[in-house]
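Asks: First to last, the protein sequences are chains A and B. For the first sequence, the residue numbers in full-length UniProt numbering are 1 to 166. For the second sequence, the residue numbers in full-length UniProt numbering are 1 to 166.
What the hints contain is simulated information worked out from the structure, not anything from laboratory work. All C-beta atoms in this analysis are idealised placements derived from N, C-alpha and C, irrespective of residue type, glycine included. Warning: the hint list may mix true and false statements.
[Unchecked claim] Simulated crosslink set (BS3-like; lysine-lysine; CA at most 27 Å straight-line):
id	chain 1	residue 1	chain 2	residue 2
1	A	65	B	128
2	A	44	B	128
3	A	22	A	65
4	B	44	B	94
5	B	22	A	65
6	B	65	A	48
7	A	65	A	128
8	A	65	B	44
9	B	157	A	146
10	B	146	B	48
11	A	157	A	48
12	B	22	B	48
13	A	109	B	48
14	B	65	B	44
15	A	48	A	22
16	B	157	B	109
17	A	109	B	22
18	A	22	B	65
19	A	44	A	22
20	A	109	A	48
21	A	22	B	109
22	B	48	A	65
23	B	109	B	22
24	A	146	A	128
25	B	65	B	22
26	B	94	B	157
27	B	44	B	146
28	A	146	A	44
29	B	128	B	65
30	B	109	A	48
31	A	157	B	48
32	A	44	B	146
33	A	44	B	157
34	A	146	B	109
35	A	157	B	157
36	A	109	A	146
37	B	109	B	94
[To be verified] Quick partial rundown of chain B residues pointing at chain A, CB under 10 Å, derived from the structure:
id	residue
38	122
39	124
40	125
2 protein chains.
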Amino acid sequence: MIREITRDDFEAFWPTFSAVIKAQETYAIDPELTLEQGFQLWCKSPMKTFVFEEDGQVIGTYYLKPNSQGPSQHICNCGYMVSDQARGRGVARKMCEHSQVLATELGFKAMQFNSVVATNEVAVRLWKRLGFEIIGTLPNAYQHGKLGFVDCYVMYKWLVPWTRHD
Amino acid sequence: MIREITRDDFEAFWPTFSAVIKAQETYAIDPELTLEQGFQLWCKSPMKTFVFEEDGQVIGTYYLKPNSQGPSQHICNCGYMVSDQARGRGVARKMCEHSQVLATELGFKAMQFNSVVATNEVAVRLWKRLGFEIIGTLPNAYQHGKLGFVDCYVMYKWLVPWTRHD
């Protein structure tokens, strides 16, 4: 079940969140973030944040927010995180599909991922399968915990039918 | 002369700033921003903001800020604005050169422009001449005040000599 996040949910998910940012392999988030700062970043500053709950366990979470303002306010941005024990079961895919529906309901026309770490092949493959295109490569844009500087991709998907009158 | 901005400087520059965002041709900034919100966005949330002053007049301004956090904290972002009457005199070029020196002094290794409106040919040409590369095109990422949806470029420049030990 995908539903909006609560403070308790975030605290329950914090061990995963903290491990993910400390690993420095996927997210451009300060690895030393406190739970409070993490809650602010992931749950308060975005427009919406959800959890993926299964058997009473929070096994994933995602946020949705505008990627920009004014003349580019039709583009949103999302971030997704899945707990280790839930990998390979389609949780990220289901959250991304949910977020695309939500995005169009909220009036967004496109979704942009600003920084997909190129070595995160599972994510890159999934986003491609879900219709996102690599629009460019940022050389050495991410200092990977194990590999040193690696590239990042900017990925983008237009979500709605195109009309001349938009 | 390029020096750090004051509140008075921003107020003096506001007619230009306001006209630029209202035109919706170059910046992904809400065109209805108030002076107070503009001051917050341009002068308070960035790390540093400067003016280009000539004969006691503020004819340009730029900000510098981190583009991201943690593993991508080595990338900065800048925005530049020049008053109408000062165009074509190298003000943007001088500010961009100043910002690149400042960026490396502050420890940044790369500079990224997230959204250069593709129809803003003067800017695109200048950034290319100053060593920035178009790393990708975001289709229909900007709703132009006159032209409707137009593309944006992501532009990027590595600022420092590359070493294996970074």
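Asks: Is it true that the CA of residue 109(B) sits at most 27 Å from the CA of residue 94(B)?
Replies: Cα-Cα ~19 Å, so holds.
Asks: Would the hint linking residue 44(B) and residue 146(B) be met if the CA-CA limit is 27 Å?
Replies: Roughly 31 Å between the alpha carbons, so the hint for residue 44(B) and residue 146(B) is violated.
Asks: Do the alpha carbons of residue 65(A) and residue 128(B) lie within 27 Å of each other, as the hint requires?
Replies: Violated: residue 65(A) and residue 128(B) sit about 31 Å apart, past 27 Å.
Asks: Tell me if the straight-line CA distance from residue 109(A) to residue 146(A) falls inside 27 Å.
Replies: Violated - the C-alpha atoms of residue 146(A) and residue 109(A) are around 36 Å apart, more than 27 Å.
Asks: Assess, step by step, whether the Cα of residue 22(A) is no farther than 27 Å from the Cα of residue 109(B), and give holds or violated.
Replies: It holds: about 22 Å lies between the C-alpha atoms, which stays within 27 Å.
Asks: Holds or violated: residue 146(A) and residue 109(B), Cα atoms, limit 27 Å.
Replies: 19 Å, holds
Asks: Would you check the hint for residue 44(A) and residue 128(B), treating anything up to 27 Å between C-alpha atoms as holding?
Replies: 38 Å, violated
Asks: Taking only the CA atoms, is the gap from residue 157(A) to residue 157(B) under or equal to 27 Å?
Replies: With Cα atoms ~25 Å apart, residue 157(A) and residue 157(B) stay inside 27 Å; holds.
Asks: Given the hint that residue 44(A) pairs with residue 22(A), does the C-alpha gap stay at or below 27 Å?
Replies: At roughly 21 Å apart (the allowed maximum being 27 Å), residue 22(A) and residue 44(A) satisfy the hint.
Asks: Does the structure keep residue 109(B) and residue 48(A) at a Cα separation of 27 Å or less?
Replies: 33 Å, violated
Asks: Residue 22(A) and residue 65(B): Cα distance at most 27 Å?
Replies: 23 Å, holds
Asks: Mind checking the alpha carbons of residue 157(A) and residue 48(B) for me, to see if they're no more than 27 Å apart?
Replies: 33 Å, violated
Comparing the model with each earlier hint shows violations of hints 1, 2, 10, 13, 23, 27, 28, 30, 31, 32, 33, 36, 38, 39, 40; every other hint is respected.
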